[in-house]
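Undergrad: Whenever a hint applies, use it, and build me the whole structure from the sequences.
Protein chains in written order, with the working numbering: chain A, 78 to 432; chain B, 63 to 330.
Among the hints, a few may not be true.
Partial list, computed: chain B residues near chain A (C-beta under 7 Å) [what the hints assert, rightly or not]:
#1 141
#2 175
#3 229
#4 233
List time: in silico DSBU-like cross-link candidates among lysine-lysine, alpha-carbon distance up to 35 Å [as the list claims (entries may be wrong)]:
#5 A:184 - A:258
#6 B:161 - A:211
#7 A:258 - A:248
#8 A:98 - A:185
#9 A:185 - A:248
#10 A:98 - B:161
#11 A:81 - A:258
#12 A:184 - B:161
#13 A:98 - A:211
FYI, nobody ran anything at the bench for these hints, they're computed from the structure. Backbone N, C-alpha and C fix where the C-beta goes; we use that ideal spot for every residue, glycine too.
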Amino acid sequence: MDGKSVAVSLVNVRRYFGEVKAVDNVSLDVYDGEFFSMLGPSGSGKTTCLRLVAGFERASGGQILLHGTDVSGVPPYDRDVNTVFQDYALFPHMTVGDNVAYGLMIKKVPWAEREQRVVEMLELVRLSGMENRKPSQLSGGQRQRVALARALVNRPSVLLLDEPLGALDLKLRQQMQIELKNIQQQVGITFIYVTHDQEEALTMSDRLAVFNHGRIEQVGSPAEVYERPATTFVAGFVGTSNVIDASVARQIVGEAATISIRPEKIHLSAPDALVPPESYSIHGTVQDVVYLGMYTRYLVELETSPRAHLAVMQQNLETTSMDVLTIRGKRVQLIWRRDFTRTLQRTEIVEESGV
Amino acid sequence: MRSEDRFINRAGIGLRAASTAVLIFLHFPILLIFLYAFNTEEAAYTFPPPGLTSDWFGVLLNRNDFWSALGLSLLVALVSTMIAIVLGTLAALAIYRSKFFGRDAISLMIILPIALPGIVTGIALRSALNLSGLNFSFWTIVIGHATFCVVTVYNNVVARLRRTNYSQVEASMDLGASIWQTFRYVILPNIATALLAGGMLSFALSFDEVIVTTFTAGQQQTLPIWIFSQLQRPRDRPVTNVAALFVVATTLIPILLAYRFTRESSET
Chain A
78 MDGKSVAVSL
88 VNVRRYFGEV
98 KAVDNVSLDV
108 YDGEFFSMLG
118 PSGSGKTTCL
128 RLVAGFERAS
138 GGQILLHGTD
148 VSGVPPYDRD
158 VNTVFQDYAL
168 FPHMTVGDNV
178 AYGLMIKKVP
188 WAEREQRVVE
198 MLELVRLSGM
208 ENRKPSQLSG
218 GQRQRVALAR
228 ALVNRPSVLL
238 LDEPLGALDL
248 KLRQQMQIEL
258 KNIQQQVGIT
268 FIYVTHDQEE
278 ALTMSDRLAV
288 FNHGRIEQVG
298 SPAEVYERPA
308 TTFVAGFVGT
318 SNVIDASVAR
328 QIVGEAATIS
338 IRPEKIHLSA
348 PDALVPPESY
358 SIHGTVQDVV
368 YLGMYTRYLV
378 ELETSPRAHL
388 AVMQQNLETT
398 SMDVLTIRGK
408 RVQLIWRRDF
418 TRTLQRTEIV
428 EESGV
Chain B
63 MRSEDRFINR
73 AGIGLRAAST
83 AVLIFLHFPI
93 LLIFLYAFNT
103 EEAAYTFPPP
113 GLTSDWFGVL
123 LNRNDFWSAL
133 GLSLLVALVS
143 TMIAIVLGTL
153 AALAIYRSKF
163 FGRDAISLMI
173 ILPIALPGIV
183 TGIALRSALN
193 LSGLNFSFWT
203 IVIGHATFCV
213 VTVYNNVVAR
223 LRRTNYSQVE
233 ASMDLGASIW
243 QTFRYVILPN
253 IATALLAGGM
263 LSFALSFDEV
273 IVTTFTAGQQ
283 QTLPIWIFSQ
293 LQRPRDRPVT
303 NVAALFVVAT
313 TLIPILLAYR
323 FTRESSET
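TA: Following this line, the structure appears as C-alpha cells:
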C-alpha cells in the first residue's frame, strides 16, 4: 500500500503473563483510514494486542508506535486513541449525554462546543433525543451506539474496538456490521477491530490479521486470506477448508506437501466424467450427505486412501433434499481447478466442526 | 407472583406461631425499657409499673455527666467514622482487582477486628497502648473504635466495587481522565451510597460500643459506659432507661438509613 502513512505500528511486540506468551513477537503496520481486523480464537492474543495499543497493558518487549511516536511508556489518558469496550463500559450514574460528553469535559472543551459535538455524534449513531436517558434504560444495541459515540466524539486518530458486537443477537449484529462500516467511512478514522468471528472480519475489513497462540499467521485483504491461506491454521479458521496431508497429496497432485482446497471449489461429478485441462481429479465414495438448505455438504471417502475424506459443498441449484440423499453411498469423481489448490505452511489444524 | 407460587410459599401455622414467638422474645425486653423510662418507682422493676411519669426526662436533662457522656460518644463516633471512611475506602481500592502475594491474608486481617471478641481486641489494644506509652484519652478510644469501624466501611465498599465493572475505570482513563479524575467522576459516584451506608453503620457501632471502650478509655465515660455505671447505683434506675432511649434513637436512625441506601442502590 504505497503512499499510505502508517497509523499504528507494532515492532516485535511481546507480552508475557508469567510463563504464558499472550503476545509473542508480533510485528504489524496499520495504515491511516483503514478498517483493520484482528481475527483469532479466544486466547490467541488479539485482545491483548489491542489493550497494548490502548495502553491498558504494558509490553514485555518491543515497540508500539502511534504515527511514528513510540508510546510504550505513555499512559492510556495521554494516547490519542479511544476504545469501544466489549461490555460497553458506560458510566451507569451518568445520562447518555454526559457519557458521550465525558472525554470533552475532561479536556475542558467549552460547554457550547461540547453540547454541539454531542448532538452531532448522537445523530451519527442515530440516537438523537436520547441525551437524558440513563444507560440502564437502553437496549443492548443502543448502548453499543452510545459507547461508539463516546469514543468517536473525541476525534481520536485511531479507534480500537474490542469485540463490540459480541453481546448482540445475530440480526442486530449483521445490521450493526454494515452501520459500523458506514460510520467508519464517514468519519475516516482508522479502526482496529478485534473479533473471533471470521465472517464479521471478512465482511467489514479492508485488511485483517489472523492470530494464533500469540502470533500472527497471516495478514492480508479478506479475499487474499480466504483464497490464499498461508498456513493450515488460517485455512481451517477462516472459512472451512480441506487440509490434505502430504502422503495423500502425493497421490493427487504428485507432490508431497500439505495442501488445501475449499469445499465449494470442488465439483462433484460422475465417475466417468471428463476431467478438464489444468484440473485435479480423484475418485471416492459419498459417505455422508448433509442438506443445509442453500447448500448441501458431502463427505467423500477417497478410494486411494480410505482414511482420508474431502468435504464438498454444492449449491442446491437444481437439486432438492430428496435428490441429494440418493447420492449417499455412490461412487463419484471430485474435480477442481489446479490453481485453487494452496500449498500450506504447517501450523495448527483447527478441528473441523464436522458432519 | 403466580397463585401456585404463593401456595408453595405459604408457611404452616406452627412455623408462623414459632417465628412470631421468637420475634416477641427478641423485642419485648426493649419495649420494657421504654415502659420503665416512665416508671414512678425509682429502684425496683415491678410489673406492671405502679404509675407513669415523665419526670425522669427532666432529671436526666439536668445531669451534666449525662451531657458530657453523650457529647463524648457522638464525637468519638464521628471521628472514628471519618477515619474509617478514609482508611476503609483506601483499603478496598487496594484490594479491588489487584492481585499480589498475601492479598487474601490482608483482607482477612482487615476484617478480623469485627470477628474477634471485643474483649480480646480490648485487652490487646490496652497492652499495646501501655507499651507505646500513650496516655489513655479521647484519641485512644477513637483508635479502638476505628479498628472495627474500618471493617464496616471496607466491607461495604469492597462489595460495591465487586459489582462495579472495572472496564468503567479503563474507559475513563481511555477518555483522557487522570487517576484522580477517574476517582472523582467514576469511582466515587459508584461507591457513594456504599460509603454512606458503611459510615452510618460504623457510627452506630461506635456509638453503643462498651467492651473495647472500657479497655481504651481513661477517665472519660462514653454514654454506654455511663449507663453501665449508673446501673451499679440503686437509685435513679429510670434515668438509665431514659438514656437508653437516646442510645436506641441515635443508633437506630443511621442503621435504618444505611439499610435504605444499600437497598435503593441494589435495585438500580
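Undergrad: A separate judgement is required for each hint: does it hold in the structure or not?
TA: Each hint, compared with the structure:
For the restraint placing residue 141 of chain B at the interface with chain A, the shortest Cβ-Cβ distance is roughly 30 Å, beyond the 7 Å limit, so the hint is violated. A cut of 7 Å between beta carbons decides the hint on residue 175 of chain B: the least distance to chain A is about 32 Å, and the hint is violated. Using the Cβ-Cβ criterion of 7 Å, the hint placing residue 229 of chain B at the interface with chain A is satisfied: the shortest such distance is roughly 4 Å. With a least beta-carbon distance of about 4 Å to chain A, the hint placing residue 233 of chain B at the interface is held under the 7 Å criterion.
Proximity of residue 184 of chain A to residue 258 of chain A is assessed by CA-CA distance (about 28 Å); at most 35 Å being required, the pair is judged to hold. Between residue 161 of chain B and residue 211 of chain A, the direct Cα distance comes to roughly 33 Å. Compliance with the 35 Å bound is thereby established for this hinted pair. For the proposed pair residue 258 of chain A and residue 248 of chain A, the alpha carbon gap of about 16 Å is at most 35 Å, so the pair holds. A threshold of 35 Å between alpha carbons decides the hint, and for residue 98 of chain A with residue 185 of chain A the separation of about 40 Å lies outside it, so the pair is violated.
Between the alpha carbons of residue 185 of chain A and residue 248 of chain A the distance comes to roughly 39 Å, so the proposed pair goes past 35 Å and is violated. The straight-line distance between the Cα atoms of residue 98 of chain A and residue 161 of chain B is roughly 19 Å, inside the 35 Å bound, and the hint therefore holds. Taking the CA atoms of residue 81 of chain A and residue 258 of chain A, the gap is about 20 Å. The hint holds against a cut of 35 Å. The suggested pairing of residue 184 of chain A with residue 161 of chain B holds, with an alpha-carbon distance near 32 Å, which does not exceed 35 Å.
The suggested pairing of residue 98 of chain A with residue 211 of chain A is violated, with an alpha-carbon distance near 40 Å, which exceeds 35 Å.
Violation of the numbered hints given earlier is confined to hints 1, 2, 8, 9 and 13; the remaining hints are satisfied by the structure.
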